[in-house]
Amino acid sequence: MAPPKRARPSFSPPRPKKSKSTNVSTSMKGREASWKNQKNAAVARKQATATSKYSGRKGTRKAQLSDDEEEDEFEDDSRNHRSALSLVDASASEVEDDDEGAEASQENDSDNSSDRTNHDRSRANLNSSPEPDIILAEITTTSTNTEAPIPEQLVHKMLHHHFQKPEKTKISTDARDLVTKYLEVFVREAIMRSAYERQEKDGHEDGAGAGGGFLEVEDLERAAVQLCLDF
Amino acid sequence: MPEATDSSDSQINDRLKSTLWYHVGQLVDEETINLGVNATPQYIGSLTELVWAQIGTVATDLESFAKHAGRNTIKTDDVLLLARRNEGLESILKQKVDEIRVKNEQKAKEKKDAQRNGS
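Residue numbers (our numbering), protein chains in the order written: chain E, 1 to 231; chain Z, 1001 to 1119.
These are computed hints drawn from the structure, not numbers from a lab.
Bear in mind that the values here come from a model prediction, so they are computed numbers and not experimental data.
We treat Cβ as the ideally placed atom computed from N, Cα and C, and that holds for glycine.
Hints should not be assumed to be uniformly reliable.
What the hints assert, rightly or not - Label pairs and their in silico Cβ distance ranges:
#, chain 1, residue 1, chain 2, residue 2, range
1, Z, T1073, E, F214, 42 to 48 Å
2, Z, E1099, E, E218, 33 to 39 Å
3, Z, T1073, E, E218, 27 to 33 Å
4, E, R188, Z, N1013, 23 to 29 Å
5, Z, D1077, E, H160, 18 to 24 Å
6, Z, R1116, E, E152, 27 to 33 Å
7, Z, S1007, E, R188, 30 to 36 Å
8, E, E218, Z, I1092, 24 to 30 Å
9, Z, I1092, E, V225, 17 to 23 Å
10, Z, Q1011, E, E218, 27 to 33 Å
Work out the full structure: start from the sequences and follow the hints.
Have a look at this one:
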């Protein structure tokens, strides 16, 4: 193994811990990651050798063996680059890669941060620092983990705002939680029905993707009539 | 004087609405990703208006239900009355009621245990 080009402090991304904490992460993160990856594709290619050296230096013999294929993969697009990296990561940390999708998206995030850090160290000029990325990932995790999509406090305030006699009427916490659930079901149902309307419309017009899969106000308008009768 | 209260009232209105907008937007994002579609910002805005109107009717309904039962406090039974014409929704809400009840019992138990340990 050739010595690294630059002297760098040993970089230890929080991979195993992160993958545990982001276990619940949804495709939102994946999408974000892929977007970031596209942005980083150029940097990733530039940093390909550096990254592989890093994993070889720090990882096991297995990781070193996979260096060759990894570098080949890096020449391809960012998608391949991701899968290659996740492959290396899995072998380096000896983690079993059972569920491809979730694991891949998790590896993505940490890979992104490593990419960013590498890129920061090489001082190439992309204008964002690594910190926002990491923070962004954390925010998406917390937002997907929250139990109630509409906070109970907000529901309470809004109900109170609409009461005829706000000074007299009270609401128990159980009832408040129940109204929150009701509203959540209402919103989800509205979205589902609008998506159904959109599908119907796309079916009537010839092109299946004519609307670009965009829910529009008219879809809601058509769905709202029955929705309001049902709720 | 009434002007001042009016403006503050509408300010609260606006702020509640924009908060609701934010959370509805998040819900829309979550659902649309699952469905594989996209939503225009106008869609989120009008959905927010719809939810806002629904909250208005729900609030007055709940108030009336509680009043009819001779109470000033809205309870879970009043909320279940909202879903009286929608069996699917009613079953979802009943399930939620059971969940809440179990949670409350657990909490009460923990409190009791803590008190016993303390005394």
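Going down the list of hints, with the structure as the test:
For the hinted restraint 42 to 48 Å between Z/T1073 and E/F214, the CB-CB distance of approximately 44 Å keeps it satisfied. Range check, Z/E1099 to E/E218: about 37 Å between beta-carbon atoms, so the 33 to 39 Å window is met. Taking the beta carbon of each, Z/T1073 and E/E218 are about 41 Å apart, not inside 27 to 33 Å as hinted. A hinted range of 23 to 29 Å holds for the C-beta pair E/R188 and Z/N1013, which are about 25 Å apart.
Under the hint 18 to 24 Å, the C-beta atoms of Z/D1077 and E/H160, about 20 Å apart, fit the expected range. For the hinted restraint 27 to 33 Å between Z/R1116 and E/E152, the CB-CB distance of approximately 30 Å keeps it satisfied. Distance hint check for Z/S1007 and E/R188: the Cβ-Cβ separation is about 35 Å, which falls inside the suggested range of 30 to 36 Å. Taking the beta carbon of each, E/E218 and Z/I1092 are about 28 Å apart, inside 24 to 30 Å as hinted.
The beta-carbon spacing between Z/I1092 and E/V225, approximately 22 Å, falls within the hinted interval of 17 to 23 Å. In this structure the supplied range 27 to 33 Å holds for Z/Q1011 paired with E/E218, their Cβ-Cβ distance being about 32 Å.
Consistency with the previously given hints fails for number 3 only.
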